[in-house]
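Number of protein chains: 2
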Amino acid sequence: MIETPYLLFLGDAPDALAAKVAQGIKDWRPQNAVGQLSLPGCKADMKLTEMTIEQALDAGARTLVIGVANRGGTIAPSWMAVLEKALIAGLDLASGLHNLLKNEPTLVALAKEHGRTLHDVRIPSVTYPIASGEPRRGMRLLAVGTDCSVGKMYTTIAMDAEAKARGMKSSFRATGQTGILITGNGVPLDAVIADFMAGSIEWLTPDNDPDHWDMIEGQGSLFHPSYSGVTLALIHGGAPDALVLCHEPTRAHMRGLPGYQLPTLEAVRDTALTMARVVNPGCEVIGISINTQHLGEEEALAYMAEVEERMGLPTVDPFRQGAGRLVDALPAPKG
Amino acid sequence: MIETPYLLFLGDAPDALAAKVAQGIKDWRPQNAVGQLSLPGCKADMKLTEMTIEQALDAGARTLVIGVANRGGTIAPSWMAVLEKALIAGLDLASGLHNLLKNEPTLVALAKEHGRTLHDVRIPSVTYPIASGEPRRGMRLLAVGTDCSVGKMYTTIAMDAEAKARGMKSSFRATGQTGILITGNGVPLDAVIADFMAGSIEWLTPDNDPDHWDMIEGQGSLFHPSYSGVTLALIHGGAPDALVLCHEPTRAHMRGLPGYQLPTLEAVRDTALTMARVVNPGCEVIGISINTQHLGEEEALAYMAEVEERMGLPTVDPFRQGAGRLVDALPAPKG
Numbered sequence: 024m025i026e027t028p029y030l031l032f033l034g035d036a037p038d039a040l041a042a043k044v045a046q047g048i049k050d051w052r053p054q055n056a057v058g059q060l061s062l063p064g065c066k067a068d069m070k071l072t073e074m075t076i077e078q079a080l081d082a083g084a085r086t087l088v089i090g091v092a093n094r095g096g097t098i099a100p101s102w103m104a105v106l107e108k109a110l111i112a113g114l115d116l117a118s119g120l121h122n123l124l125k126n127e128p129t130l131v132a133l134a135k136e137h138g139r140t141l142h143d144v145r146i147p148s149v150t151y152p153i154a155s156g157e158p159r160r161g162m163r164l165l166a167v168g169t170d171c172s173v174g175k176m177y178t179t180i181a182m183d184a185e186a187k188a189r190g191m192k193s194s195f196r197a198t199g200q201t202g203i204l205i206t207g208n209g210v211p212l213d214a215v216i217a218d219f220m221a222g223s224i225e226w227l228t229p230d231n232d233p234d235h236w237d238m239i240e241g242q243g244s245l246f247h248p249s250y251s252g253v254t255l256a257l258i259h260g261g262a263p264d265a266l267v268l269c270h271e272p273t274r275a276h277m278r279g280l281p282g283y284q285l286p287t288l289e290a291v292r293d294t295a296l297t298m299a300r301v302v303n304p305g306c307e308v309i310g311i312s313i314n315t316q317h318l319g320e321e322e323a324l325a326y327m328a329e330v331e332e333r334m335g336l337p338t339v340d341p342f343r344q345g346a347g348r349l350v351d352a353l354p355a356p357k358g
Numbered sequence: 024m025i026e027t028p029y030l031l032f033l034g035d036a037p038d039a040l041a042a043k044v045a046q047g048i049k050d051w052r053p054q055n056a057v058g059q060l061s062l063p064g065c066k067a068d069m070k071l072t073e074m075t076i077e078q079a080l081d082a083g084a085r086t087l088v089i090g091v092a093n094r095g096g097t098i099a100p101s102w103m104a105v106l107e108k109a110l111i112a113g114l115d116l117a118s119g120l121h122n123l124l125k126n127e128p129t130l131v132a133l134a135k136e137h138g139r140t141l142h143d144v145r146i147p148s149v150t151y152p153i154a155s156g157e158p159r160r161g162m163r164l165l166a167v168g169t170d171c172s173v174g175k176m177y178t179t180i181a182m183d184a185e186a187k188a189r190g191m192k193s194s195f196r197a198t199g200q201t202g203i204l205i206t207g208n209g210v211p212l213d214a215v216i217a218d219f220m221a222g223s224i225e226w227l228t229p230d231n232d233p234d235h236w237d238m239i240e241g242q243g244s245l246f247h248p249s250y251s252g253v254t255l256a257l258i259h260g261g262a263p264d265a266l267v268l269c270h271e272p273t274r275a276h277m278r279g280l281p282g283y284q285l286p287t288l289e290a291v292r293d294t295a296l297t298m299a300r301v302v303n304p305g306c307e308v309i310g311i312s313i314n315t316q317h318l319g320e321e322e323a324l325a326y327m328a329e330v331e332e333r334m335g336l337p338t339v340d341p342f343r344q345g346a347g348r349l350v351d352a353l354p355a356p357k358g
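Protein chains in written order, with the numbering used here: chain D, 24 to 358; chain S, 24 to 358.
Read the hints as simulated data drawn from the structure, not as lab findings.
As the structure is a computational prediction, the values presented were derived from the model and not from experiment.
All C-beta atoms in this analysis are idealised placements derived from N, C-alpha and C, irrespective of residue type, glycine included.
Every clue listed holds true.
Which chain D residues face chain S? A few, computed with CB under 10 angstroms, are given here:
no., residue
1, Ile153
2, Gly156
3, Pro158
4, Leu212
5, Pro248
6, Gly252
7, Thr254
8, Ala262
9, Ala290
10, Thr294
11, Met298
12, Val301
Working from the sequences, and respecting the hints, build out all of it.
Have a look at this one:
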């Protein structure tokens, strides 16, 4: 649907986390990114060649992807000149922001004038059902986190890649804009109407072969007051057989909420299991995924060893170590 | 906003629960309902005078309120003749259904032709913020339930009426279409976009006098797979100081989900408190509200006595006994 390859627009990203859309594309579809374009003050870097729009076109780019998000999901005024220039020069635009490209009259007019396309992957394109709660065939894994942006997408997309490499049947199921931009489909869950959240996840993870795994991208956290309802809808709509707990150990407080400490892994395990077993009594936590990007190697390994001992579960950083031990820990398909 | 009085349209309601919009108006604003209009096969009865549209107009009705909901919130084809006739005869229409009056071309055309208004109270009319999780002044109570449709709105509207009768500062905060139709304002939470659910409830229950109570209408249940995310957003957005647990003891299974048993009151208490204390560490369960409409008087009293003993909390049916003991149990205002 979105024409490749991309020029990844990093804007004036205040930190690396803000550019997780670009990072996800760089990590999982590097062949689709010809380069990056940053504005002054940008604190994110994909280690791709920095390019002007003209250079990106010369390198074959077809679409400028907004690879950065700011709180609230708005299109920053400082970005507009670049977006306008991209359309005029001959690139489509793709965005996962709350505020839509198609609601910017200047962009709509330029796209029309130059025959370009505006892709807003945040808008649901499907009428989702209300969740039925009915059991489905096939196996499902869901990532749940102590916070937002702790590596849930990374963990499930890495597990999917590892499972496929082993010849297992597996599908990564994207529930956020980055995942959708990477895979080309999914549910933009945080933009779904409240009553249809769980139903959208049932729709995303339908009946499948008994030995097929849906690796479902998590969102938010049961303990994050802004987004917890989205997380619970994922748990009940996904009806997971297996959970993987995701955590970032250096986070000083919940993302965006200075007054809130992160919950313990034990608290997330207990509450997530209680909720998951409402729809899937056999659900188990099968492992822990730690995002150790802010720790040195030795410190990271020591921390993971401590967590593994304390929780009694395989504990890895899939970025450092791969997702092999998490895939090893998946249960056998149901009878 | 909506012109009164109303003619309450009951349609072909399959049971009394399906007509809870009409019942709420009848119970809490009886002066606003001149009569009811049922179709053949209707199983709900408000004990109001059955009227034709012409009789309702003669009795002063200004608006036909759709007082019935079917699963999925659609406008049944069998209702259309009545709705069309109402517009032609001179009534406005008001609806809290998912499917909107304004999306029905015939109704839109007739309303325009006859100068009538279509009120869809299900559509949010406000751009809600993302929840900040910041503490607010004033006191808040939230009803949480073992299931949908167990008396959460009734409990909080009855507590609000009781508190006001005692001269306390109190506001009923509607989060569903019935409450909005009764009070004229509120948040249609199940129609809010996922990311803004908790923020909409912060918006609904802003800073207030230290001794003011928001009596917040609950929605769904943490244990109802179709709607649990909505419930958790209410808990985190409402940041309640006090919870009241709501239950209907004769329910054979979760509403709409034959495969699901209701959770115990203990399970709802423990999970709701764990979640509420994320945003309000002082939160307590202060009482239990039992909907005993399907029990005889003696049976109801025996059941409530057993629950009160087992749970150690005031246990009442506010419909039979009033909400006095629940209001008695409210904690003193914070510092």
